[in-house]
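Undergrad: Put the two chains together into one complex, using the hints given.
This is what each chain is made of:
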Amino acid sequence: GDSVTQMEGPVTLSEEAFLTINCTYTATGYPSLFWYVQYPGEGLQLLLKATKADDKGSNKGFEATYRKETTSFHLEKGSVQVSDSAVYFCALSLYNFNKFYFGSGTKLNVKP
Amino acid sequence: EAGVVQSPRYKIIEKKQPVAFWCNPISGHNTLYWYLQNLGQGPELLIRYENEEAVDDSQLPKDRFSAERLKGVDSTLKIQPAELGDSAVYLCASSLGTYSSYNEQFFGPGTRLTVL
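One line per chain: the protein sequences are P and U, in this order. Numbered per the numbering used here, the first sequence spans residues 49 to 160. Numbered per the numbering used here, the second sequence spans residues 8 to 123.
What the hints contain is simulated information worked out from the structure, not anything from laboratory work. Idealized CB from N, CA, C, for every residue including glycine. Accuracy of the hints is not assured; some may be wrong.
So the derived label-pair ranges between C-beta atoms look like this [unchecked claim]:
(1) Thr76/P - Asn58/U: 20 to 30 Å
(2) Lys69/U - Glu63/P: 42 to 52 Å
(3) Lys78/U - Gly109/P: 34 to 44 Å
(4) Leu94/P - Asn37/U: 15 to 25 Å
(5) Gln24/U - Ala101/P: 42 to 52 Å
(6) Asn37/U - Lys159/P: 42 to 52 Å
(7) Leu94/P - Val12/U: 11 to 21 Å
(8) Glu117/P - Lys23/U: 48 to 58 Å
(9) Gln129/P - Pro15/U: 41 to 51 Å
Here chain P is said to cover these stretches of chain U; the calculated rule only asks that three of the stretch's residues, wherever they fall, bring their Cβ under 8 Å from a Cβ of chain P [what the hints assert, rightly or not]:
(10) 68-82
(11) 114-120
Chain U extracted, bound-state conformation (with noise of 0.2 Å):
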């Protein structure tokens, strides 16, 4: 079974400059979250969708970043303008989707982003 596959594993870009980051989860997994991960520190949810819809980005800076999973298969992140402060590792999940705290989150490998 594939795992959770994400492109670019790496992006260095200008500040300013637009990035768009491609997660495709596990086959059959209804929730997807995107995280970022800054050096030494543990994931921060992003966002998390449920199908197509967007159930939880109350952590999404919203006036630059937005994402969307059109067909509630694959997802895109991006950012517009990068700032140098979003330097980071962007880390995509999917899991089973049911409403339980046993669900387990498979992780991609992620991408890591270094804005100059």
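Looking at chain P on its own, in the form it has when it is part of the complex (with noise of 0.2 Å):
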């Protein structure tokens, strides 16, 4: 069936390290990515999309590519600061259902 799955947490760094958080997805047909982040007591925001294979989407410094050979849309950021803490979603939309799947979700601490 459909499903994403990205790595488990949480993801400890400092202030201004590379952050790499792995999303790979299964689905029939052609799906579009996204990345959700969700702060404490908040709920999700929609960080990043992408709709076809080899789009990049990019906000707030972040980056992820549509890779279709590899199923993948993993989230990087060159520099993270503290305020970059949260939890991070992975998820996939099928055209045409309105239907959305996530990732269980990766916790990431920033430390100063």
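TA: The following block contains the structure:
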């Protein structure tokens, strides 16, 4: 079935370190891919998205490239800040279904 | 523009009691979603509405859960009776509602339910 698998956390980094959070997917058809972020006590917010193969989504210094050949959508940031501490969710959506599948989330802790 | 509004933010009840959650989506959003989020997990869809119609309720435990969206705007999710395992965060989200996977979902802050 359709699903998303992302690396388990927590991930703990020092400020200004490089971040990678791995995400792979299984889907029938051609999904769109998303990264959502959830700050403590808040709802999920869309961070970035990519709607077709080889697209790169980017926002707030975060990037992810839709890799169809490896069915991956890894999240990267060159230099993390303490304010990036949150839980990050990878998700996919299938065209014409309006249905989302979320990964289990990866908690990021950034230390000063 | 106001975001998705949910109430209450927190609810503590005894098992076997009923509980209800309310959601008001972003104005103009035809699609409304209710998700269940267990601790340390991603959201799992309970039910999706297109206007007043529940178009996907396959994951809703219908023996104890019910939902309604009578006028195609705000929605209520009810549990009766609540069980210990229902303790979780209940998230509401909305989107414009076109049949496209480009559709962005906007999430409310959630209702944290604790069943004692």
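Undergrad: Taking the hints in turn, state whether each one holds.
TA: Do the hints match the structure? See the list:
no.: 1; hint: Thr76/P - Asn58/U: 20 to 30 Å; verdict: 27 Å, holds
no.: 2; hint: Lys69/U - Glu63/P: 42 to 52 Å; verdict: 48 Å, holds
no.: 3; hint: Lys78/U - Gly109/P: 34 to 44 Å; verdict: 42 Å, holds
no.: 4; hint: Leu94/P - Asn37/U: 15 to 25 Å; verdict: 18 Å, holds
no.: 5; hint: Gln24/U - Ala101/P: 42 to 52 Å; verdict: 49 Å, holds
no.: 6; hint: Asn37/U - Lys159/P: 42 to 52 Å; verdict: 43 Å, holds
no.: 7; hint: Leu94/P - Val12/U: 11 to 21 Å; verdict: 18 Å, holds
no.: 8; hint: Glu117/P - Lys23/U: 48 to 58 Å; verdict: 52 Å, holds
no.: 9; hint: Gln129/P - Pro15/U: 41 to 51 Å; verdict: 33 Å, violated
no.: 10; hint: 68-82; verdict: violated (count 0)
no.: 11; hint: 114-120; verdict: holds (count 4)
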